[in-house]
Every structure is written in structure tokens, then in C-alpha cells.
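Trainee: Chain by chain, the residues:
Number of protein chains: 2
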Amino acid sequence: MDSTETWSRRRLLSCTAKLASAAAGIAIGSGAIQSWSPRTSFAKTLKWPWPYKKIEPGKAARIGYEKYYEGACCYGVVNAIILPLREAVGEPYHSLPLDAFRFGHAGVVGWGTICGTLLGCGLVTGFIAGKPGESILNEVIHWYIETALPAYRPSSPRTNIKHTSRSNSPLCHISAGRWMKRESVPFDSPQRAERCARLVADVAAKTANLLNEWSEKKFISGHEIPVEIYRLPAQSNCTDCHGTKVPEIPK
Amino acid sequence: MDSTETWSRRRLLSCTAKLASAAAGIAIGSGAIQSWSPRTSFAKTLKWPWPYKKIEPGKAARIGYEKYYEGACCYGVVNAIILPLREAVGEPYHSLPLDAFRFGHAGVVGWGTICGTLLGCGLVTGFIAGKPGESILNEVIHWYIETALPAYRPSSPRTNIKHTSRSNSPLCHISAGRWMKRESVPFDSPQRAERCARLVADVAAKTANLLNEWSEKKFISGHEIPVEIYRLPAQSNCTDCHGTKVPEIPK
Numbered sequence: 166m167d168s169t170e171t172w173s174r175r176r177l178l179s180c181t182a183k184l185a186s187a188a189a190g191i192a193i194g195s196g197a198i199q200s201w202s203p204r205t206s207f208a209k210t211l212k213w214p215w216p217y218k219k220i221e222p223g224k225a226a227r228i229g230y231e232k233y234y235e236g237a238c239c240y241g242v243v244n245a246i247i248l249p250l251r252e253a254v255g256e257p258y259h260s261l262p263l264d265a266f267r268f269g270h271a272g273v274v275g276w277g278t279i280c281g282t283l284l285g286c287g288l289v290t291g292f293i294a295g296k297p298g299e300s301i302l303n304e305v306i307h308w309y310i311e312t313a314l315p316a317y318r319p320s321s322p323r324t325n326i327k328h329t330s331r332s333n334s335p336l337c338h339i340s341a342g343r344w345m346k347r348e349s350v351p352f353d354s355p356q357r358a359e360r361c362a363r364l365v366a367d368v369a370a371k372t373a374n375l376l377n378e379w380s381e382k383k384f385i386s387g388h389e390i391p392v393e394i395y396r397l398p399a400q401s402n403c404t405d406c407h408g409t410k411v412p413e414i415p416k
Numbered sequence: 166m167d168s169t170e171t172w173s174r175r176r177l178l179s180c181t182a183k184l185a186s187a188a189a190g191i192a193i194g195s196g197a198i199q200s201w202s203p204r205t206s207f208a209k210t211l212k213w214p215w216p217y218k219k220i221e222p223g224k225a226a227r228i229g230y231e232k233y234y235e236g237a238c239c240y241g242v243v244n245a246i247i248l249p250l251r252e253a254v255g256e257p258y259h260s261l262p263l264d265a266f267r268f269g270h271a272g273v274v275g276w277g278t279i280c281g282t283l284l285g286c287g288l289v290t291g292f293i294a295g296k297p298g299e300s301i302l303n304e305v306i307h308w309y310i311e312t313a314l315p316a317y318r319p320s321s322p323r324t325n326i327k328h329t330s331r332s333n334s335p336l337c338h339i340s341a342g343r344w345m346k347r348e349s350v351p352f353d354s355p356q357r358a359e360r361c362a363r364l365v366a367d368v369a370a371k372t373a374n375l376l377n378e379w380s381e382k383k384f385i386s387g388h389e390i391p392v393e394i395y396r397l398p399a400q401s402n403c404t405d406c407h408g409t410k411v412p413e414i415p416k
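Quick mapping for you: the protein sequence lines, in order, are chains V and P. For what it's worth, the working numbering labels the leading residue of the first sequence as 166, then goes sequentially. For what it's worth, the working numbering labels the leading residue of the second sequence as 166, then goes sequentially.
The shape of chain V in the complex, shown without the other chains (with noise of 0.2 Å):
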């Protein structure tokens, strides 16, 4: 990225940011924005959300890194969490077949999307904490996008890998991109596969100490979700796919 694109993405990020601050200010002082979606209440369902007892963030890590090697990433967040709930609560954990999110690897069935760790996450937040677990996804992608990862340390690595990378994104293509070109290894390759177990283990890690905090009601959401920011399912990393010609958004 030269000067010049670092200056436009600057100047771009801020007017998100006055955009943002507007939009908000409306949503505050008229309650009339009108909503992204429709917004009834959940259906009573009475077996859902399923019971919840804290789980220890290291063992979600553990069991994370060591599953991602059995079924890729959001298979790995998914038991990370589920299996400590099978042995705490039981049912009706027993009875989800956790091999069924195994098409979330590589950006759901390789195309890149969504990393499969933010899926996994979603997943899980869904069936423990309902409504509330939107808003703690919504914080482990943040956090995601906005940390140093993989920051997880195996007791017994498979690879040694010796880079970090800030994603920018919740989408593999974008993430695993940024830390393959730090690495320079290519996606096919061991120290790849490393830096996405270690990554499951964060994520799981990340969840665990979210639901455990949400569990003692100490959750606190520190961000709306992005479409409720900027009315458009985006982040404010607009120039990184646009460059400086970010399209108008229809009014």
C-alpha cells in the first residue's frame, strides 16, 4: 500500500467514522431508523437456549487445537466448547452431531468467506446464549479483526510457525492471506494448518471467557453490529477490496 492509498484509506476511515457517529446520533434522538431486518421477539422455544456451565478458557483451547487437526476450524471451536458441555450438563449437547460443521473449513467449503473459527462461535453462542449471543460474537470478531493472532502456545506444537498477523477482516481468504504473505508459506502447507489450530484455540478461548462472563450477567457489548453502524452489512475497512473508489450507497 503506497502513501497515497494510505492517505485516502484515512481520510475514508474517518468519514465512516462522522457517518457512523451521525447515524447514531439519529438512532438516539429519534428511535427512527428504520430496522435492518425484522425484529420479533424469539419464539418461545421452550428446550432453547441450552443450559450453560462455565467452561475453562485453557481447556476450550486445548481441546480446540487438538480437533482442528480432526476437522478444521469451526468443527474445532464447535468442540471446544460442546464436548466440556457434555461432560458438565449432558444432554442436549450429546445429541449434537458435531461432525455436521465441518463445512465451515476454509471459509465455509473453501471459498473463503467467514473464517470457520467466527462460524464456530456463532454456532455456539446460538445454542447456549440466544439473543445475547449475537453481541458476543459480534465482540470475538472484533477482537479477532483487531489482535495479534494466533496468540495460543501448544504444549507440543505439531509445526513450529514464527509469525503473528492482525487480520483486518473475519474472513479467511483476507486472514489467512495476511499471515501467509508474513510467513511466506503457502495455504497447503503445515505451518498454515498450525497457525489455523492455534487459532481455533484462541477463538475457543475467546468464547469461553465471553460465555462464562455473560453466564455471571458481566457481559458487557461494547459495539453494535456493523449493520446497525452503517446501515449496510460491511466493516469500515472499505478501501481494502475498493481502493479509493468506494461506490455510492443508495440513499
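Since the hints were derived computationally from the structure, they do not count as laboratory data. Given the structure is predicted, the values throughout are model-derived calculations rather than measurements. No residue lacks a Cβ here, since even glycine has one placed at the ideal position from N, Cα and C. Mixed in with the good hints there might be a few duds.
Claimed, not checked - Stretches of chain P that chain V covers, calculated by requiring three or more beta carbons in the stretch to come under 8 Å of a beta carbon on chain V:
1) 212-222
2) 251-262
3) 268-278
4) 292-305
5) 318-331
6) 386-398
7) 403-414
What the hints assert, rightly or not - Here are the simulated DSSO-like pairs of lysine-lysine, each with C-alpha atoms no more than 27 Å apart in a straight line:
8) V/LYS212 with P/LYS410
9) P/LYS296 with V/LYS416
10) V/LYS416 with P/LYS346
11) P/LYS410 with V/LYS346
12) V/LYS218 with P/LYS212
13) P/LYS219 with P/LYS296
Fit chain P to the given chain V structure using the hints.
Mentor: Below, chain P without anything else, positioned relative to chain V:
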């Protein structure tokens, strides 16, 4: 997009196709490409995949359209497939809390990543078809990005809309954005909601169709998943985001 960009894109796609052919050639020739992820066999879970009985695609479409207005896109597709199976099969479908899948809205809690309709397809094919479900999802994604949608015409539309669009992407941000540009409406408009409700109907019907074919052993997978073709979690529309300066992929 100006003519230079168009030309560059064509050139790039041509290169990508050649690369893909070359990769396929290597794969067929040697079988030696290192796997993108672990290739262990699925765990043997007694109760999984779940039993399936054929679903009338028109019925799935009608349910999906209505359920969108209750809980958005991912929830809509999941309901469109699971509710008929609750009637036809019973358990374990009754025990699955469908509200848990609302988080997929607007590209996963509003981040604009994978279209929630495709996430819904991935979930139901994961429960029903297991590993072949990944091929079904991959075919649905190909159809989704290549087809002018929405095609569904509700008998009693909530809102009239004028246009269809070809997304060329499985991402909510791009798919919804392209349609919004054609229709000249913002995301928080009744028209955009109607477009997504009809899209739920389309994806639900397509998913039911392919699941029916699969249940009759007539399903044929026409595509490898992208990470196997490109050795990267990606699709072939690089210039949509990267412009003409596509980053080098580490070897």
C-alpha cells in the same frame, strides 16, 4: 468498471483458469498436492447424518419466504428444510432449536460475510447429508453466484420489486450491494428485505432439489471446492476486490 478494468479482469480470469487447469492436471497426474486441511474420515456418530425424506421444493420456497420475515435469511432457509422434515420424519428435527441460527443474518450478525441463505444451506446439508452435503452446498453456491436472482414470485408479495442481479460472490455485502444498486434502494428498505425474502425461497428450493437428487443417488457434483482448485480459500473474481494488482501468493 471501465474497459481497461474489464480487459484486465478477463486477462486475470484467463490466467486463473489456466492455473486451475494446471493444478487439476497435477492433481490427476500425481495425486501429490498436499491437502489443504486434515483428511481424516468423519467420526462414526450413530445418529448422524439425520434421516431424510424428499421435500417438495415449492413448499420449501413458500416456507422460506414467510420465515425470512420472522427471523431473516439463515433462519429462513433452515426453517424451509427442517419444518417439512419435522412433519415427515419427526425426531431429531424437533429437538433442533431453529432460533439458534438467526445469527446468520446480514452476512453473520451484520458483518456482510457469507450470505445467510448459503449458511442456512450449509447447516441443513451438514445435518442431512454429511460429507456429500459439502458438495451440495458447493453446487448451490455456484448456482447462486451465477444466476440472476431473486426468481421466486410470491403469491402475496409484501412489497413489489423490479430487478434481479447476478451476485458473482457468496458474500452478503457484495450480493445485496449489487442488487441494491440495480434497484436504487438502501439496505434498510422494504424492497431490499423483499429481495432477501425471495432469495431465501430460491435457495431453499434449490437446496431441496439437490437434496432430493442426492437421496435418489442422482446428485452429480459439477465442481471441485475452490480451495482444491486454487490452493487458496478464494473464488475466481480476484479483480472485484484487488483491481489489477493481485497480490502474489507465496509458493
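Trainee: Give a verdict on every hint.
Mentor: Structure-based check of all given hints:
Figure legend: the region 212-222 of chain P, annotated as covered by chain V; annotation consistent (4 residues with Cβ-Cβ distances under 8 Å, at least 3 required). For a cut-off of 8 Å, the count of residues in the region 251-262 of chain P with a CB near a CB of chain V stands at 3, and the three-residue condition holds. Figure legend: the region 268-278 of chain P, annotated as covered by chain V; annotation consistent (11 residues with Cβ-Cβ distances under 8 Å, at least 3 required). For the region 292-305 of chain P, the assignment as covered by chain V holds, since 7 residues bring a beta-carbon within under 8 Å of that chain's beta-carbons and 3 suffice.
Coverage of the region 318-331 of chain P by chain V is violated [criterion: at least 3 residues with CB-CB distance below 8 Å; count 0]. Closer than 8 Å: that is the beta-carbon criterion, and the region 386-398 of chain P has 7 residues meeting it against chain V, so the requirement of 3 holds. A count of 6 residues in the region 403-414 of chain P with a Cβ less than 8 Å from any Cβ of chain V is obtained; the coverage claim is therefore met, three being the minimum. For the given pair, V/LYS212 sits about 51 Å from P/LYS410 by alpha-carbon distance, which is inconsistent with the 27 Å threshold.
A distance of roughly 43 Å separates the Cα atoms of P/LYS296 and V/LYS416; the hinted pair therefore is violated under the 27 Å criterion. For the hint pairing V/LYS416 with P/LYS346, the CA-to-CA distance comes to about 10 Å; that is within 27 Å, so the pair holds. Restraint check: the Cα-Cα separation between P/LYS410 and V/LYS346 comes to about 15 Å, which is no more than 27 Å; the hinted pair holds. Between V/LYS218 and P/LYS212 the CA atoms are separated by roughly 25 Å; this keeps the pair inside 27 Å, and the hint holds.
Pair hint P/LYS219 plus P/LYS296 holds up; C-alpha atoms about 19 Å apart against a cutoff of 27 Å.
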